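What follows is each chain in one-letter form.
There are 2 protein chains.
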Amino acid sequence: MTGIPFAREADLPGMRTILEHLRATGTERLNQLIDWLRIPSISSHPENQPDMRSGAAWCADFLREAGLDGVTIHPTAGHPIVTASWRRAPDAPTLLIYGHYDVQPVDPLALWEAGPFDPVVRDDRIFARGSADDKGQILMHMQAVAATLAVTGNLPINVVFLIEGEEEIGSPNLPGFLVANRELLRADLAVVSDTCQWAEGIPAITAGLRGLAALEIEVSGPGRDLHSGSFGGAVANPLEALARMLATLKDERGVIRVPGYLDDVRPPTPVERARVVEIPFEESAFFNAIDLESGAGEAGYSTLERLWYRPTIEINGLWGGYMGPGSKTVLPARAHAKLSMRLVPDQTPERALERVMAHLRAVTPPGVRLELFPKPGGGLPWRLDPELPAVQAARRALSEAFGREPLIIGEGATIPVVADFERLLAIKTLLVGFSLPDACPHAPNENLHLPSFHVGTESLVRFFQQLSLG
Amino acid sequence: MTGIPFAREADLPGMRTILEHLRATGTERLNQLIDWLRIPSISSHPENQPDMRSGAAWCADFLREAGLDGVTIHPTAGHPIVTASWRRAPDAPTLLIYGHYDVQPVDPLALWEAGPFDPVVRDDRIFARGSADDKGQILMHMQAVAATLAVTGNLPINVVFLIEGEEEIGSPNLPGFLVANRELLRADLAVVSDTCQWAEGIPAITAGLRGLAALEIEVSGPGRDLHSGSFGGAVANPLEALARMLATLKDERGVIRVPGYLDDVRPPTPVERARVVEIPFEESAFFNAIDLESGAGEAGYSTLERLWYRPTIEINGLWGGYMGPGSKTVLPARAHAKLSMRLVPDQTPERALERVMAHLRAVTPPGVRLELFPKPGGGLPWRLDPELPAVQAARRALSEAFGREPLIIGEGATIPVVADFERLLAIKTLLVGFSLPDACPHAPNENLHLPSFHVGTESLVRFFQQLSLG
Numbered sequence: 001m002t003g004i005p006f007a008r009e010a011d012l013p014g015m016r017t018i019l020e021h022l023r024a025t026g027t028e029r030l031n032q033l034i035d036w037l038r039i040p041s042i043s044s045h046p047e048n049q050p051d052m053r054s055g056a057a058w059c060a061d062f063l064r065e066a067g068l069d070g071v072t073i074h075p076t077a078g079h080p081i082v083t084a085s086w087r088r089a090p091d092a093p094t095l096l097i098y099g100h101y102d103v104q105p106v107d108p109l110a111l112w113e114a115g116p117f118d119p120v121v122r123d124d125r126i127f128a129r130g131s132a133d134d135k136g137q138i139l140m141h142m143q144a145v146a147a148t149l150a151v152t153g154n155l156p157i158n159v160v161f162l163i164e165g166e167e168e169i170g171s172p173n174l175p176g177f178l179v180a181n182r183e184l185l186r187a188d189l190a191v192v193s194d195t196c197q198w199a200e201g202i203p204a205i206t207a208g209l210r211g212l213a214a215l216e217i218e219v220s221g222p223g224r225d226l227h228s229g230s231f232g233g234a235v236a237n238p239l240e241a242l243a244r245m246l247a248t249l250k251d252e253r254g255v256i257r258v259p260g261y262l263d264d265v266r267p268p269t270p271v272e273r274a275r276v277v278e279i280p281f282e283e284s285a286f287f288n289a290i291d292l293e294s295g296a297g298e299a300g301y302s303t304l305e306r307l308w309y310r311p312t313i314e315i316n317g318l319w320g321g322y323m324g325p326g327s328k329t330v331l332p333a334r335a336h337a338k339l340s341m342r343l344v345p346d347q348t349p350e351r352a353l354e355r356v357m358a359h360l361r362a363v364t365p366p367g368v369r370l371e372l373f374p375k376p377g378g379g380l381p382w383r384l385d386p387e388l389p390a391v392q393a394a395r396r397a398l399s400e401a402f403g404r405e406p407l408i409i410g411e412g413a414t415i416p417v418v419a420d421f422e423r424l425l426a427i428k429t430l431l432v433g434f435s436l437p438d439a440c441p442h443a444p445n446e447n448l449h450l451p452s453f454h455v456g457t458e459s460l461v462r463f464f465q466q467l468s469l470g
Numbered sequence: 001m002t003g004i005p006f007a008r009e010a011d012l013p014g015m016r017t018i019l020e021h022l023r024a025t026g027t028e029r030l031n032q033l034i035d036w037l038r039i040p041s042i043s044s045h046p047e048n049q050p051d052m053r054s055g056a057a058w059c060a061d062f063l064r065e066a067g068l069d070g071v072t073i074h075p076t077a078g079h080p081i082v083t084a085s086w087r088r089a090p091d092a093p094t095l096l097i098y099g100h101y102d103v104q105p106v107d108p109l110a111l112w113e114a115g116p117f118d119p120v121v122r123d124d125r126i127f128a129r130g131s132a133d134d135k136g137q138i139l140m141h142m143q144a145v146a147a148t149l150a151v152t153g154n155l156p157i158n159v160v161f162l163i164e165g166e167e168e169i170g171s172p173n174l175p176g177f178l179v180a181n182r183e184l185l186r187a188d189l190a191v192v193s194d195t196c197q198w199a200e201g202i203p204a205i206t207a208g209l210r211g212l213a214a215l216e217i218e219v220s221g222p223g224r225d226l227h228s229g230s231f232g233g234a235v236a237n238p239l240e241a242l243a244r245m246l247a248t249l250k251d252e253r254g255v256i257r258v259p260g261y262l263d264d265v266r267p268p269t270p271v272e273r274a275r276v277v278e279i280p281f282e283e284s285a286f287f288n289a290i291d292l293e294s295g296a297g298e299a300g301y302s303t304l305e306r307l308w309y310r311p312t313i314e315i316n317g318l319w320g321g322y323m324g325p326g327s328k329t330v331l332p333a334r335a336h337a338k339l340s341m342r343l344v345p346d347q348t349p350e351r352a353l354e355r356v357m358a359h360l361r362a363v364t365p366p367g368v369r370l371e372l373f374p375k376p377g378g379g380l381p382w383r384l385d386p387e388l389p390a391v392q393a394a395r396r397a398l399s400e401a402f403g404r405e406p407l408i409i410g411e412g413a414t415i416p417v418v419a420d421f422e423r424l425l426a427i428k429t430l431l432v433g434f435s436l437p438d439a440c441p442h443a444p445n446e447n448l449h450l451p452s453f454h455v456g457t458e459s460l461v462r463f464f465q466q467l468s469l470g
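These protein sequence lines are chains A and B, in that order. For the first sequence, UniProt numbering gives the first residue as 1, with consecutive numbering after it. For the second sequence, UniProt numbering gives the first residue as 1, with consecutive numbering after it.
Extracted from the complex, chain A is given alone in its bound form (with noise of 0.2 Å):
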């Protein structure tokens, strides 16, 4: 198997023997990583409350063995939060480290390979829901710790853990807790791991992260299902007029059509125009992996400017009326959809949820009901400070594991925790991710690839080294 660690002529005191302690240990720590996997931790279903708490149970009882100090799960609202720390180091920088416990649902189930919970290996990958998005991502953290620990009893840099359950439904407890615990998270800064690689072998600083609001639509007409020829043209159908209005959100030309949306949006800069053309990006690589010929979008906008500079509305489920076999004739008494917008800076997801929801108001046509659901929460937009001093640090480490410089990406997805450290802490965050493009989260076959979970781990342990030298 590649990308197990191997040491290198320049590393620093120490590095050897952790890197050997890792590569020792790489089929145990792929059994922790299936053993966790296995816990169906998905924090949007109500039957799923129990796996929530051994997902957090599972997560505190290894921190605990890898000899951190305060392990705790804290009770909140919602899904509980697992904190740890080692702050041993007094002359070192202090390091934040989050990450997420919590999954996305696994529908449709039938797409699956295997089964979303029972873990396999197959072609240097593990397929399970959470295998990238994010126990994959964040026990490379913990690992990188509990190697470093192990090897040395010390670690170079303080850090704290924080390790939630309510990213996959927008953290809604989260802000809360860290207002009320600004000493316990206390750092100098955040590095967060729930992003991708560039590709295959090619690291990557994600230098962007989009916000996101949502918001439930229900139309409704007639108090009951209607036989579709006794009342069929005297009467208006919700589903049409879900239809309709959904169909005014954007324009021909891709661009969205609800007053006021796009006031809020920051154009990119030169600069990180310039980013995006310099990006090796192989458009039809990137479309052929999920069997498209080519995108559609924006107008006037490349692929990676839709993805990292440009908000969305987005669709994410419809339904309404018989959607079994064979056919029913009936006019269906109510239509519902799940809407959710993607952000960019400056937009915040109450002034966007407000301009939909007036939108969908003036287009409700005549004869139907609309209700509105806007879901609380969302996430902030996000921009990488480029001034940060921990980008260095992140490049070298980056650049000793991989072999070569990592690219400063963008990253269409949320991530509202990071835009929180900022506004809530004054905390800066690095982001560096390691799973690959096509890891499929958020859908089925989600999987994580092997080699980048050891090679990335590498690259943490490295980091830690690199921080403390300041």
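Please keep in mind that the hints were generated in silico from the structure rather than gathered at the bench. Heads up, a few of these hints could be off.
What the hints assert, rightly or not - Over 10 Å on every C-beta distance to chain A, these chain B residues come out as not near it, computed from the model: (1) Gly14; (2) Trp58; (3) Leu384.
As the list claims (entries may be wrong) - Estimated spans, in silico, between C-beta atoms of each pair: (4) Glu283(A) to Leu372(B): 42 to 52 Å; (5) Pro46(A) to Leu109(B): 17 to 27 Å; (6) Glu47(A) to Leu184(B): 52 to 62 Å; (7) Pro50(B) to Gly324(A): 12 to 22 Å.
Unchecked claim - Here chain A is said to cover these stretches of chain B; the calculated rule only asks that three of the stretch's residues, wherever they fall, bring their Cβ under 8 Å from a Cβ of chain A: (8) 84-90; (9) 221-231; (10) 325-331.
Bear in mind the structure is a predicted one, so any value in this text is a computation, not a measurement. Ideal placement from N, C-alpha and C gives every residue a C-beta, glycine not left out.
Fit chain B to the given chain A structure using the hints.
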């Protein structure tokens, strides 16, 4: 209970004893209906195959016990067809009595107040799937024939029953059966009771039916569900594409914008438009009964004109993406819709489907693939021949039983066989229905008004007699 038959001064000879028999057997006849309604004969569900056979057998057993000749269950490529006849009145006309023992699916099941196949009687109504559409109504004919035979040992006319099991799925095997069994089905007139009275106590003869065509749509995009953050904005969303496509079917005034679709529509004649105006139609009561304040539809037409003289394109079902509890920020791989069209003369299912499919292909946005699954079969629209002598016989029978003249009304729904009787057997049809407008066919809590069940059965006994008078 009101509606139980009673004799009148001017009744034909023998009528009094038949009506007394109906009155004496009211409970027994209701129990027969309950017995049949317990069989979940849903023609569109493969898992109900055995119930389809039971439903057909129940009906054959009844007709055999009633004294009909040649009772036969004919296998077809789909569900069986039951026929039976009584042709012992050589000089009298022959009536082809058509009905169906199959029923619609039952979902949304949660909205039923009792099980759809556990019939309950409440407030003078019996609630069960199939009570109005059509077991309850064809059973009135079966019981009218049985009672006449039981009391008089004879019928005043010849009859042939034709009871099929595929009406709710578009009768795909019936046209072939008609053509292959012309001699068996030879008759002077067909009668169908699968429509409504105008209101409680107000009988109606239905002078028009809309036709039916149906289509299933699949729009597909990426090969798997994608993370809406990592891909949103750069990949076409199949749900959004489908919503946009469906929104082009009509304009904002409710006028169908599918090129050519309205070209085949014959406008209502001045007589037809005048007849609509004369109908005592309480617009607000009609919409209040379905919990609406008002209707909606094509500009320039009244509610009854929209229902009787204008075609529709209706979305019966629409689905895709995440439909469960909570949220899942997915960009779905596929989107689906079920459409049905109600057609008016001189549209045909084939031409209507062709035009809608051509339009959908033309408006498919880039980045998604469209697949269309037109349903075979469908139904031609139909208008009553106003010169038909049997109309007078029905007028008299209904007037005597109900104590008031029937209205001549239209109907927005479809009974495909009616056009087929004319086209394939050269037999004209009379439509006389007895369910109430709020019978909820195709919807939860389908019901049959029991006084109407009884007065309907009386009407049919009287109709047979009136027909025999020429």
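Let me make sure I understand: some of the numbered hints might not hold for this structure. Which ones are they, in numerical order? Hints 4, 8 are the ones this structure does not satisfy, whereas the remaining hints hold.
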